[in-house]
Amino acid sequence: MRLLTTFSALAVSIGIAALAATSNPVQASAFTQAEDAVKYRQGAFQLIRENFGYMSGMVRGEIDFDGEQFKQRSQALYHLSNIPFDAFSGAGENATDNSDALPAIWQNRSDFNAKAEAFQQAVKELVEAADSENMRTIRPAFMATARTCQQCHEGYRAD
Amino acid sequence: MMNTLTIKLWDGFIRSFHWLLVVVLAGLWYTGGDIDYIDLHHQLGLVMLALLLTRIMWGFVGSQSARFSYFLRSPIAVLHYFKAPFKREYVTHNPAGAYMVVIMLVLLLSQAISGLFTDDAIFFRGPLAHLVSNDMVRSLTRYHKQAFDYILLAIALHLVAIFVYTLMKKRLVGPMITGRKDYPEDAQVKQPKQRHGAFGFVLLGINLTWIFGWLG
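Protein chains in written order, with our numbering: chain A, 1 to 159; chain B, 160 to 375.
Calculated directly from the structure, the hints in this document are not laboratory data.
Be careful, since some hints might not be right.
[Claimed, not checked] In silico EDC-like pairs for lysine to aspartate or glutamate, Cα to Cα no more than 20 Å straight-line:
hint, chain 1, residue 1, chain 2, residue 2
1, B, Lys304, A, Asp100
2, B, Lys304, A, Asp159
3, A, Lys39, A, Asp100
4, B, Lys246, B, Asp341
5, B, Lys304, B, Asp195
6, B, Lys304, A, Glu154
7, A, Lys39, A, Glu50
8, B, Lys304, B, Asp193
9, A, Lys39, B, Asp294
10, B, Lys328, B, Glu248
11, A, Lys71, A, Glu128
12, A, Lys71, A, Glu125
Given only the sequences and the hints, what does the whole structure look like? Please build it.
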């Protein structure tokens, strides 16, 4: 019995070690195909858009404001806000087929990164504002986030 | 000094329509492309739509001088007009101006209608965007952004024309404010039948009501 436990523990350890050994290179180039990187980006932006759209309904009074719901959505957005940008490098570098990403992204990479960071920072502040559960605090933070979307779309996303 | 003949050229609705168009269009231009004002832009767009539809209806049932059948001529008439643009007196739009009216109405109407199908990819979705495919939404959004330049071009042409007519001592702006225009007594012009502008406002009210009810 004891032996079995030891063996299983060992097996699990080896498994984790093996996973750790392979997961680094896998993470570094998560996509081997440009196509997959594009899908990944688009999927992430789709989720961002859906969550943001839901919050916008509350900010603009189309649906009743629910502080708890808003908080959850803002946290979801926070987790999502980092996701798409990895897929603009590696296999996603210069990937513009079936994509709205413009080549300008890679021509002005540091500006693009700065705009992505501005978005992430704005979302962080939106999460903090959402804690207040007060629309007066939330609205400016929400609009500030929306502006960071627009500022990056302009010039980096096809019309 | 020659005696003049005063003619009622533009009814109250046409004049109000014209200047409301200027104000609403300026508002749309100011609020366009700025996400902070997108909801206001949407509302103003609906006002624009109501104004345009009412003007088109007025072009069939309104005062004679406002009717399409009264001022639209053949393209050949336009060519003739350009041979001697300042010779004759008109009691409505001149043949070239008539086409300008149509172009302006088409451009503005396309702009207002395409706006209903736009999606800004951030948080605004036009009230009719769900009726068409995503590709169509993309195309119409692109059109909505680009076509404003055509409208600006049409306005520029309109202003240049007014300037040229002013140089030729033809007053166009005055009648659009007062509704009246003086003609030389021998100009052989006939008073166009006028309808009270209030009827136009009733139509406008009806159009605003259903448009805001449906798309507001």
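**Study point:** Non-conforming hints, listed in increasing numerical order
**Key:** none
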